[in-house]
Amino acid sequence: MYKEICAKYAPTKDNLIYILHEIQDTHPQHYISGEAVKDVSDYLKVPENHIYGVLTFYSMYSTKPRGKNIIRLCESPPCYIKGSDNILRKLKSILGVSVGETTKDGKFTLELCACLGVCGNAPVMMINEDVYGDLSEEKAEEIIDKIRGRN
Amino acid sequence: MKYYRSHVLVGINETSVAAGVHALLKELRAEISKAGLSDEINILETGPLGFFGKGICLTVYPENVNYENIKVEDIPELVQEHFLKGRPVGRLMLDSAGKFSPKFNYEKRIVLRNSGIIDPESIDDYIGAGGYEGWEKALTQMKPNEIVEEVKASGLRGRGGAGFPAGVKWSFTAPLDAEQKYVVVNADEGEPGTFKDRLIMEGDPHQLLEGIMICARAIGASKAYIYIRGEYKLCIMRLQKAIDDCRNYGILGTNIFESGFDLDIEIKIGAGAYVCGEETALIESLEGNRGHPRWKPPFPGVKGLWQAPTVVNNVETLANVPFIIAKGATEYKKYGTPECAGTKVYTILGDVAHPGLCEVDMGTTLRTIINEYAGGMKKGFKFKAALVGGAAGVILPDRLLDVKMDFSSLNQYAAVLGSGAILVMNEHQSIVDILWSILRFFRHESCGKCAPCKNGTQQLYRLITKIKKGEGTMEDVKLMQMIAETMQQTSFCALGQSPIMAIRSAIDNFRDEFIAITQK
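Chains as they are written, first to last, in numbering that gives the first Met the number 0: chain Z, 0 to 150; chain F, 0 to 519.
I should point out that these hints are in silico values taken from the structure, not numbers from a laboratory.
For clarity, every value in this text was computed on a predicted model and none was experimentally measured.
Possibly wrong hints are sitting among the right ones.
[Claimed, not checked] Covered stretches of chain F (chain Z as the covering partner; in silico rule of three or more C-beta atoms under 8 Å from a C-beta of chain Z):
id, segment
1, 179-190
2, 226-234
3, 341-353
Glycine is no exception: its CB is placed at the ideal position from the N, C-alpha and C atoms.
Chain Z extracted, bound-state conformation (with noise of 0.2 Å):
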């Protein structure tokens, strides 16, 4: 499965990145396995450290299984200001994780992520691709519902 991501792209190391996150986004448990890193290795004829340290050094790559939706939490300095830190301890308790952990049911991820350009209307988080801001901690609890209810 691995290998066929890989053809898609020319053997060359600058398609790394792009190898990577196609396989993260096209896995069931959005991460990148050993066994993908080895696969990466041999087609583009980068040794595996190499890619583990590409892989461990960008913020949206992960080593580890993750949830089927993931909710990354804004924490820089505009959303601070507008009270993140109380929609992170609603979460974490709705949720019943802590950052970076999965709920049991498999569902949520929680993460914390850098500025995500959408200061406007922040607080502001993402949650799989989307966009939420102007958040409340009744309306971050409405949207997860939402989501669970859907999934």
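Using the hints provided, position chain F relative to the given structure of chain Z.
Quick look at chain F alone, frame taken from chain Z:
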């Protein structure tokens, strides 16, 4: 071309899409057609409108009425009252009292002159607004060195941070004899509170492309990359459409306008690292490596991407270029100050009445920006401080509100101008708290290449946390400043050299607060 009585501009952005703008548009079109107004009212899906209201926002021209948080159920009333009877609906307006409307200074805009007016997804709209005139002129009437000279003469300075003259940067690369040269656009906007580049790209993607083309011609590059962060989905989509349209129109490709010049532009998506805003780290990332900055010299202009001469410019810098070439450097210099030509785009956030974006002359004071373009402070709040320039920025008190915002007047604070982020804080907010948030950010984003930054950001965070908890002393405050100063002198790149800005300005301008919290 059809003439309409009114134009309804609908802001399509991440927030409005999440709020269901597409369903709303369908309803709005249906309702307008039901009222028999399809030939009188034009609906235009566009980029940023110039203010950040809640949910879905609309602007109606020529009345210049702004609506916010429009819901599907409001549509019949809106169409009946405003569009049919000509009575704007007060309860839906941005400011229900109807007194404040963000100042629209389109006649004084360069970078955002089309933003919110044309359909950013239509190449014909851009051409209709005078687009690609500069490109045509650059390609058919000017020699590459004439382009460089014109940009030099315009006094355009880089809008990414340091404010280095763009024409001078190009002049290092242009004369080099190389098989391949590159233009790289830095669209990896990651400075907290900064999103002017997103708005420029969402509102007028073709203008950026035109700037890239002119730069490529000037330095002799046949390939350009736009390095953009993955979260900017709408920008990526619009830029890709713009590139495809240009290829179809023969504005990009081989032998453009029969000039023998070839150029292709490609979008490259980042993976989330603040340090990749540093030009050499960005190049490393493009090559498929960890985003560690490189030693300079050689500068990227001589040895950049894959060791080829490369000009790296910020989005806003390049978006200024089409105007300079089409209208000339003399016309451009009419904007801004003698030392600092042109305009600057700002995003104003926090406790102001109307958070939004504006483009004003270089040298406009912070006070004017806050009062005239953001409606002053939010009702019931008093101004305490403004964080200007994001995390690598400075915290300014009210006595510095009249400082002119340009590279030379801000002098010691100049590096912060590029980001254009203005975060306004009210009297209840704690400076120690905001500094804590800033230093937490740096601790997270330090790339780990050099020891001063890697260890320094950890220690700064440890100290500010101690102070925030009320367990610190003034010795800790002093130590924090000393560490940051050492980092400024010894760090490998701008990231480690930056925390001193926020720390020094916070301590200098709000010393009492540090004294109070350490004596608790």
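Next item on the list: Taking the numbered hints from earlier one at a time, note which ones the structure violates and give those numbers from smallest to largest.
Entry: Structure breaks no hint.
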